[in-house]
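Participant: Next come the chains, spelled out residue by residue.
4 protein chains.
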Amino acid sequence: MCRWAAYRGTPIHLEQIVSAPGHSLIDQSHCATHAKTATNGDGFGIAWYGERPEPGLYRDVLPAWSDCNLKSLARQIRSPLFLAHVRASTGGATSRDNCHPFVQGRWSFMHNGQIAGFEQIRRPMEAALSDKHYRARHGSTDSELLFLLALEFGLDENPAAAFAAAIRLALAESARAGVKELIRFTAAFSDGEALYAIRYATDAHAPTLYSAPMCGGLGHCLVSEPFQDADAKWHEIPAGSMVTLTAGGMSSARFSPLQTEAMQIAAVA
Amino acid sequence: MCRWAAYRGTPIHLEQIVSAPGHSLIDQSHCATHAKTATNGDGFGIAWYGERPEPGLYRDVLPAWSDCNLKSLARQIRSPLFLAHVRASTGGATSRDNCHPFVQGRWSFMHNGQIAGFEQIRRPMEAALSDKHYRARHGSTDSELLFLLALEFGLDENPAAAFAAAIRLALAESARAGVKELIRFTAAFSDGEALYAIRYATDAHAPTLYSAPMCGGLGHCLVSEPFQDADAKWHEIPAGSMVTLTAGGMSSARFSPLQTEAMQIAAVA
Amino acid sequence: MCRWAAYRGTPIHLEQIVSAPGHSLIDQSHCATHAKTATNGDGFGIAWYGERPEPGLYRDVLPAWSDCNLKSLARQIRSPLFLAHVRASTGGATSRDNCHPFVQGRWSFMHNGQIAGFEQIRRPMEAALSDKHYRARHGSTDSELLFLLALEFGLDENPAAAFAAAIRLALAESARAGVKELIRFTAAFSDGEALYAIRYATDAHAPTLYSAPMCGGLGHCLVSEPFQDADAKWHEIPAGSMVTLTAGGMSSARFSPLQTEAMQIAAVA
Amino acid sequence: MCRWAAYRGTPIHLEQIVSAPGHSLIDQSHCATHAKTATNGDGFGIAWYGERPEPGLYRDVLPAWSDCNLKSLARQIRSPLFLAHVRASTGGATSRDNCHPFVQGRWSFMHNGQIAGFEQIRRPMEAALSDKHYRARHGSTDSELLFLLALEFGLDENPAAAFAAAIRLALAESARAGVKELIRFTAAFSDGEALYAIRYATDAHAPTLYSAPMCGGLGHCLVSEPFQDADAKWHEIPAGSMVTLTAGGMSSARFSPLQTEAMQIAAVA
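Going line by line, the protein sequences match chains L, P, D and V.
Going by UniProt numbering, the residue at position 247 of the first sequence is 247; the numbering climbs one at a time, nothing skipped.
Going by UniProt numbering, the residue at position 239 of the second sequence is 239; the numbering climbs one at a time, nothing skipped.
Going by UniProt numbering, the residue at position 204 of the third sequence is 204; the numbering climbs one at a time, nothing skipped.
Going by UniProt numbering, the residue at position 57 of the fourth sequence is 57; the numbering climbs one at a time, nothing skipped.
Think of the hints as simulated: they come from the structure by calculation, not from any bench.
Mixed in with the good hints there might be a few duds.
Because identical chains share one entry, a pair is satisfied inside a single copy or across any pair of copies.
[To be verified] Calculated cross-link-like contacts (lysine-lysine; reagent style DSSO-like; alpha-carbon spacing at most 27 Å):
id	residue 1	residue 2
1	K132	K233
2	K71	K132
3	K233	K180
4	K180	K132
5	K71	K180
6	K71	K233
Okay, chain L solo, but in the shape it has when bound (with noise of 0.2 Å):
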């Protein structure tokens, strides 16, 4: 069970959301005393976008809470926009390459979740890949095969279709190898300019997600599970939607992969 937080609007400094003392991810990742799931401690990223297009990246194995170079990046940098994420690895290996987020071109992506029985559909998976993205995968985890596949499927045009695709093509693969079908699926991803999330699961337990107004109404946070002491007032996004914001604000919309009905825009306070 991997946590994580992502920010867009007026800048701030990445300790702001990532390492703060008692209500950040960092410290929520240590203390999980009173959690139900194990601690965070197979490694972390953050990736933020400054003056380019494509954004910085930074991933280590270490656990966040040891890290002294996280803790002075996350002190410098000051970003309008960035992910961060801390893993629980459920067996994968630990590695650079296997830590999220994940970043294409001026994509960045991350993710809680899981795809039941992957070994057994990864190659499957990875066959649908162009050799474009088929060279571009790094690691062995299912959440990058995820993003690589939305990629594939046309993230840039339409992001809610991309990963709509993508989770279909597993589900498909899950029937053919005789594989339970279950994918569960809290994501959060950026080209820069929105920043998007989705909450979905084939079952009823779609990891959680939750959004919080910051520096007075000029930002929004966006993290899997909340902070515990923080003064920020978290609001559940519902199972089966898609967040998206912009300097518009932030907009909510249903997200059913397996309807085929276009799914529809709803704006949200």
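Model the placement of chains P, D and V on the given structure of chain L, informed by the hints.
Facilitator: Chains P, D and V only, in chain L's frame:
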């Protein structure tokens, strides 16, 4: 709060105690869901005796549970005497030099506990080291320093007296510095022949220490906390004790560094 | 340009070949002042056979010369059969999964050389793997892939034929992709019984391979480049050869994967 | 023999000096084929000034050339003042705490050189630190110690006098210990405003120091060794000099710690 396990007896593969699923040091340190303390993800180490007088030493700053090398080593290496430790730092830097066990010559040492206000008395304690042992200080932990002081104070001749003197020095420096005089100290150490363990604190909260026979009585295991699911019948060692495991079996003695009379030895089970 | 050394014979401590000052693998790879190629600082690995059918494996991404763990392990572990490798990456990621040796079951493998234009033919080469071996691919190197292909093509039954088939596949895919057909391949591998080495290239520049008797003839060492200061009398193995070390001594055979006639075995020294 | 580069002037991306192919610090440290010394694979570090008084710090023990994080950071971070260092250890442990630059408050420092027989005089030199700076010692290098001593001896008020006093202390302790009195010291350091560099040795072999204008004169670069292929016109700074870069340009002064008369400042270029 660190965790450790030590073994002496008929040679066994390290994995039996270090990494076996469900009832080993690593497994317990990872799944801290039910534990009162945070998980132990700030490094680990093993010291084992083989053909040479000096032990082998393998330490790293990754969480033990994600280290493939450790898994392979624990599966290959068989030893009649070894120490294993997983670290939960309470603020110190995560570096290999700060990981237990510490090794000097044929001696190995590992520790769970703390000296209150250590940063205030670290310098005068280091001043008590001879040049030889001062040069041997590679890290910054109180644990390594207590070990070096014990070497300074005659560990080769009288282990109980040596650690008693190190503890008295720490308390004297605490008093001099006006720091609260508090030490908690549950440690295991070996010279390659005997395996020793001490459970001691100046207050009522000495970190726990347990022993259990293994291999049908051909070996003994000492642990800071019992493995939850193991078959082993754990016996709690009372605070203020020093336990010695030799070819002749296990003996126990009072360990009361603040009392001037000679500490008496009493055979035990 | 990687460097490696392998040993088979009477059990010796790994340090005799791996880390002894002045005449060992690590020493040579560090002091590359006189060498034609850059130093080997992109990770290292050792695989050694002990009591179990499967070898132990220790790999890390640090330069070998600065790894205290490696020094200690090489000093403690004694083995009749082991492989050691230091890596100089030519562009690939530095991760443990890309460090040699690679291990599958009881087989170990390490390599110096390259496939020209590998990125262009990586995908069709991976497609030749059965699901079982596809799942066993953890890294992204050409070396690991050649090893998995050899397993696919019958390494258990006929090592020479298996690697010949893997090399032919690579050349066929190069031709199909319009990439220059060039392989340089100097590798060592073992099943825990015999130690094999191949020196081969499609051009005139097969990476070097040398052998030398050790321990008064009770063991043999194979190296990619001779240690400069060692007493050992190095014998150069000609390109297009496969060497086999067993309890019965060393034998050599032609290795010419592009010729259809059976490769013939000729006893040597 | 370490290598370093420092920059002050109009803000530039770190990559221009740190990681650009063909003419940057990392590139030069990797391709040491032509160099007189071994490659610099024992860690690296960057310290850069941004919006805060204290610099950001990123250090790791991997070879700089294989660190994807460094490449990404150097590409994203733009700074008017930064220090970058690649390390070639001459025996000390490879740990982050021993990697340059060192940072204390708003000061940063990095160094190429050595104190002869440092292990013999390390203890009395450490004894000259006040408790405050003694506590700030995290590693074991002579470089960090000279930096802390300079802080002790008034770095905030008079950088030249502070380092002169630190060097005199080292020489005095060498004399007292009967060790050969030899220091070689080419260092760069900054308080976030000015960038300083010193080139000094007690013998004729002061490690080199070069400067070059950059960005059409809007910035200056100081390096321990010139980049081979760069367009920059390198100017060698003579031994026994201290260079200061401020908004007003570059000035140079004699640096002769063993002479009692005040060191005089002479404007340059």
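Participant: If a hint holds in the structure, say so; if it doesn't, say that too.
Facilitator: We went through each hint and held it up to the structure:
Neither within a single protomer nor between protomers do K132 and K233 lie at most 27 Å apart by alpha-carbon distance, with minima of 43 Å and 42 Å respectively. Proximity of K71 and K132 under a CA criterion of 27 Å is satisfied inter-copy only: 22 Å between copies versus 35 Å inside one chain copy. Proximity of K233 to K180 under the C-alpha cut-off of 27 Å is found in neither arrangement, the shortest distances being 37 Å within a copy and 41 Å between copies. For the identical chains of this complex, K180 and K132 are inter-copy neighbours only, at 20 Å across copies versus 30 Å inside a copy, given an alpha-carbon limit of 27 Å.
Taking the closest pair of Cα atoms, K71 and K180 never come within 27 Å of each other, the shortest separation being 41 Å inside a single copy and 31 Å across copies. In this assembly of identical chains, the alpha carbons of K71 and K233 lie at most 27 Å apart only when taken from the same copy (25 Å versus 38 Å across copies).
Of the numbered hints listed earlier, those contradicted by the structure are 1, 3, 5.
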